[in-house]
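A.B. asks: Residues per chain are reported as follows:
Protein chains: 2
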Amino acid sequence: MIPGPVMVAPRVLQAMARPMISHRSGEFGIIFDDCRTLLKEFFETKNQIAILTGSGTLGMDAAVGGLIGKDDTLVTVTNGKFGERFTEIGERYGKVVPLAFDWGKPFDLSRVEEALEAGAKAIAMVHNETSVGLVNPAKEIGNLAKKHGAVFIVDGISSIGGNEFKTDEWGVDIAITGSQKCLAMPPGLAIVSVSDKAISALNAKSAGYYSDLKAHLKSASKSPAQTPFTPAVSLFFALQEALHMAAEEGFVARRDRVAKLAGAVRAAASALGIEFFPEINEHSGYSNTVTAMKIPKGMTDDKLRGGMKKQGVVVSGGQETIKGKIFRIGTMGVCSEADVMKTLETLEQIMAKEGALSKTGSGVEAASKVLRP
Amino acid sequence: MIPGPVMVAPRVLQAMARPMISHRSGEFGIIFDDCRTLLKEFFETKNQIAILTGSGTLGMDAAVGGLIGKDDTLVTVTNGKFGERFTEIGERYGKVVPLAFDWGKPFDLSRVEEALEAGAKAIAMVHNETSVGLVNPAKEIGNLAKKHGAVFIVDGISSIGGNEFKTDEWGVDIAITGSQKCLAMPPGLAIVSVSDKAISALNAKSAGYYSDLKAHLKSASKSPAQTPFTPAVSLFFALQEALHMAAEEGFVARRDRVAKLAGAVRAAASALGIEFFPEINEHSGYSNTVTAMKIPKGMTDDKLRGGMKKQGVVVSGGQETIKGKIFRIGTMGVCSEADVMKTLETLEQIMAKEGALSKTGSGVEAASKVLRP
Numbered sequence: 026m027i028p029g030p031v032m033v034a035p036r037v038l039q040a041m042a043r044p045m046i047s048h049r050s051g052e053f054g055i056i057f058d059d060c061r062t063l064l065k066e067f068f069e070t071k072n073q074i075a076i077l078t079g080s081g082t083l084g085m086d087a088a089v090g091g092l093i094g095k096d097d098t099l100v101t102v103t104n105g106k107f108g109e110r111f112t113e114i115g116e117r118y119g120k121v122v123p124l125a126f127d128w129g130k131p132f133d134l135s136r137v138e139e140a141l142e143a144g145a146k147a148i149a150m151v152h153n154e155t156s157v158g159l160v161n162p163a164k165e166i167g168n169l170a171k172k173h174g175a176v177f178i179v180d181g182i183s184s185i186g187g188n189e190f191k192t193d194e195w196g197v198d199i200a201i202t203g204s205q206k207c208l209a210m211p212p213g214l215a216i217v218s219v220s221d222k223a224i225s226a227l228n229a230k231s232a233g234y235y236s237d238l239k240a241h242l243k244s245a246s247k248s249p250a251q252t253p254f255t256p257a258v259s260l261f262f263a264l265q266e267a268l269h270m271a272a273e274e275g276f277v278a279r280r281d282r283v284a285k286l287a288g289a290v291r292a293a294a295s296a297l298g299i300e301f302f303p304e305i306n307e308h309s310g311y312s313n314t315v316t317a318m319k320i321p322k323g324m325t326d327d328k329l330r331g332g333m334k335k336q337g338v339v340v341s342g343g344q345e346t347i348k349g350k351i352f353r354i355g356t357m358g359v360c361s362e363a364d365v366m367k368t369l370e371t372l373e374q375i376m377a378k379e380g381a382l383s384k385t386g387s388g389v390e391a392a393s394k395v396l397r398p
Numbered sequence: 026m027i028p029g030p031v032m033v034a035p036r037v038l039q040a041m042a043r044p045m046i047s048h049r050s051g052e053f054g055i056i057f058d059d060c061r062t063l064l065k066e067f068f069e070t071k072n073q074i075a076i077l078t079g080s081g082t083l084g085m086d087a088a089v090g091g092l093i094g095k096d097d098t099l100v101t102v103t104n105g106k107f108g109e110r111f112t113e114i115g116e117r118y119g120k121v122v123p124l125a126f127d128w129g130k131p132f133d134l135s136r137v138e139e140a141l142e143a144g145a146k147a148i149a150m151v152h153n154e155t156s157v158g159l160v161n162p163a164k165e166i167g168n169l170a171k172k173h174g175a176v177f178i179v180d181g182i183s184s185i186g187g188n189e190f191k192t193d194e195w196g197v198d199i200a201i202t203g204s205q206k207c208l209a210m211p212p213g214l215a216i217v218s219v220s221d222k223a224i225s226a227l228n229a230k231s232a233g234y235y236s237d238l239k240a241h242l243k244s245a246s247k248s249p250a251q252t253p254f255t256p257a258v259s260l261f262f263a264l265q266e267a268l269h270m271a272a273e274e275g276f277v278a279r280r281d282r283v284a285k286l287a288g289a290v291r292a293a294a295s296a297l298g299i300e301f302f303p304e305i306n307e308h309s310g311y312s313n314t315v316t317a318m319k320i321p322k323g324m325t326d327d328k329l330r331g332g333m334k335k336q337g338v339v340v341s342g343g344q345e346t347i348k349g350k351i352f353r354i355g356t357m358g359v360c361s362e363a364d365v366m367k368t369l370e371t372l373e374q375i376m377a378k379e380g381a382l383s384k385t386g387s388g389v390e391a392a393s394k395v396l397r398p
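In order, the protein sequences belong to chains H and A.
Residues 26 to 398 (this note's numbering) are what the first sequence spells out, left to right.
Residues 26 to 398 (this note's numbering) are what the second sequence spells out, left to right.
Please note that the accuracy of each hint is not assured.
All copies of an identical chain are treated as equivalent in the list; a pair is satisfied when it fits inside any one copy or across any two copies.
Stated by the list, open to error - Straight-line Cα separation of at most 16 Å, EDC-like style, residue types lysine to aspartate or glutamate; simulated pairs:
{"hint": "1", "residue 1": "Lys348", "residue 2": "Asp326"}
{"hint": "2", "residue 1": "Lys65", "residue 2": "Asp221"}
{"hint": "3", "residue 1": "Lys239", "residue 2": "Glu113"}
{"hint": "4", "residue 1": "Lys247", "residue 2": "Glu273"}
{"hint": "5", "residue 1": "Lys106", "residue 2": "Glu362"}
Hints in this document: simulated from the structure, not taken from any laboratory.
Turn these sequences into a full structure, and let the hints guide you.
C.D. replies: Structure below.
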């Protein structure tokens with residue numbers, strides 16, 4: 026029940042066991058094209074799609090490294106670990122104006138506008154900040170980016186396919202996701218959508234050679250479609266299968282299901298007196314893919330997560346400065362109602378065992394009401 | 026029968042179908058450590074090993090990007106497509122002194138020494154130039170690099186595990202391989218060994234963020250061992266299985282077997298009057314992992330490779346300027362005697378059909394003598 030790498034359905038795992046094919050063959054090109062067509066629907070975009078072999082961070086690296094050279098300015102808006110990664114990447118290649126809010130606190134949009142008014146080539150943010158369970162205002166910042174002519178980069182790694190994410194409607198010029206989140210397949214592929222505006226803004230030479238978005242888009246437009254460097258062919262088999270599986274359920278239906286599961290987790294937490302870690306306001310909200318909660322009073326991270334793990338349920342802890350202070354339950358991909366109920370029931374048992382809950386049942390009951398209203 | 030991605034054994038394919046585990050878990054750490062221990066034996070090195078999710082090119086990018094900044098000089102010694110890639114990568118990050126020999130022609134070592142005498146931070150070469158089927162003199166250039174204090178980078182992607190490759194004995198500071206060649210697993214992992222000399226020479230900030238070797242080595246030294254960014258977990262399952270499979274056969278036994286298979290291909294080619302593409306001298310040799318031959322007189326690439334493909338045998342053509350002029354037969358990984366014999370028999374049939382061979386059998390017979398002397 027961690028927020029990625031998520032559980033993977035047997036049919037997707039088995040797809041990886043298919044015999045190898047040449048990555049320059051027509052057969053590979055057909056798979057690649059099929060994936061990109063479905064991914065456009067998944068991203069709600071008409072933009073071009075590049076698929077890079079690597080983690081989601083490679084996608085962030087490709088976006089920033091393509092746009093930001095030594096004399097270019099990137100505004101980063103952050104309230105968690107992955108937002109701060111944009112700042113680190115930007116600082117490696119060019120100038121960064123970091124708008125760093127406390128982890129788990131909403132953005133102040135007036136400060137974002139001020140930073141853009143001062144002039145910036147691009148602005149980057151994380152939509153669903155996995156480290157704190159917060160959904161940040163992509164639509165609002167998209168409007169500001171458009172108004173000030175900045176290229177808008179959004180890390181949608183733990184968001185796209187889980188939370189509502191409207192690439193084109195929100196004006197997201199570069200949207201990024203990873204394979205091991207809402208697509209419910211193993212990690213190893215970074216998927217990046219790139220608008221014409223972003224393509225025009227790419228520097229002649231990207232910062233990185235392997236992560237060169239122009240090279241990826243050029244190879245993808247060949248016939249048969251291909252990648253500039255040897256791709257992880259088996260992961261493309263898995264991607265195709267995972268996309269078909271998601272399309273069979275329906276991309277929107279999957280998102281709705283995930284929203285319901287997260288709603289059940291939140292209802293249970295409230296019933297159990299567990300506080301949420303992030304603060305929300307009118308522009309930001311709780312994540313439907315990962316719920317971040319404070320460790321209940323009288324318990325430790327070790328007792329809570331360690332106790333649950335012994336019962337066969339793995340949830341995540343906090344990272345860096347909030348390590349030991351929070352725990353996180355992921356609800357994305359092929360996560361089921363049964364998975365959620367088992368997790369919540371185990372959480373209650375462990376809390377009761379440690380004296381942090383006098384009577385079990387209220388969390389599961391509250392969750393049940395959300396799942397079967 | 027292409028020189029990678031190669032055929033993959035069912036047990037390695039099936040390893041990828043294992044359920045997902047967390048990449049920060051002790052379970053992953055054990056797999057990662059096991060792989061690195063076996064890889065040291067595979068590379069014949071005591072150096073540290075980094076495993077990056079990406080193609081072999083990412084390994085080249087990490088090596089050059091870690092060492093070569095704007096004011097640093099890289100000497101590249103090239104005689105094929107992949108050598109030239111080192112030049113391209115180097116030019117993106119710093120200064121390059123390219124020693125470009127004609128594709129398939131041996132290096133002139135006196136020119137290498139001259140370039141090193143003029144001063145260079147690093148020198149890069151491809152050991153087994155896949156594009157032309159030539160093995161370049163790593164030992165000799167290693168001696169020159171040592172003499173002149175340059176960091177020695179060798180692309181061993183299609184070589185390590187197929188041709189003799191002595192990382193430590195030859196003084197290779199950074200050796201690179203890819204998963205889809207002699208390891209006989211699917212593509213998607215770049216494996217890099219890094220000497221203490223290379224570590225000391227790494228710049229404070231690498232050119233790329235995702236490809237930062239320092240970050241990779243730092244994470245690998247943690248307990249449990251991990252990667253800085255989410256790795257392709259399924260490919261690590263495959264890597265472990267592929268390494269165990271190779272270790273069961275014996276790394277040296279596998280190399281000897283591959284040498285015999287390549288010897289059979291070369292014997293058949295000679296018997297059929299087919300010319301080899303590369304020129305060799307006392308410091309360079311024919312590759313045991315890929316044999317590059319000129320298209321026989323009276324035939325076209327299309328008729329030769331197209332005809333063979335119709336019979337179910339896929340061999341590679343030439344790349345870039347030698348496209349249509351050569352064809353290449355790969356013999357690496359789990360390639361068998363039966364695979365080679367079927368390939369040669371098919372080649373004879375197609376040549377005979379196109380009038381380029383009066384009587385079939387001599388190639389297969391010559392190959393047979395090599396395989397069963």
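A.B. asks: Taking the hints in turn, state whether each one holds.
C.D. replies: Hints versus structure:
1. Lys348 to Asp326: Result: close within a single copy only, 8 Å intra versus 61 Å inter.
2. Lys65 to Asp221: within (15 Å within a copy, 46 Å between copies)
3. Lys239 to Glu113: Close across copies (15 Å), not inside one copy (22 Å); limit 16 Å.
4. Lys247 to Glu273: neither (29 Å within a copy, 41 Å between copies)
5. Lys106 to Glu362: neither (29 Å within a copy, 53 Å between copies)
Figure legend: structure checked against the earlier numbered hints; hints not met, in rising order: 4, 5.
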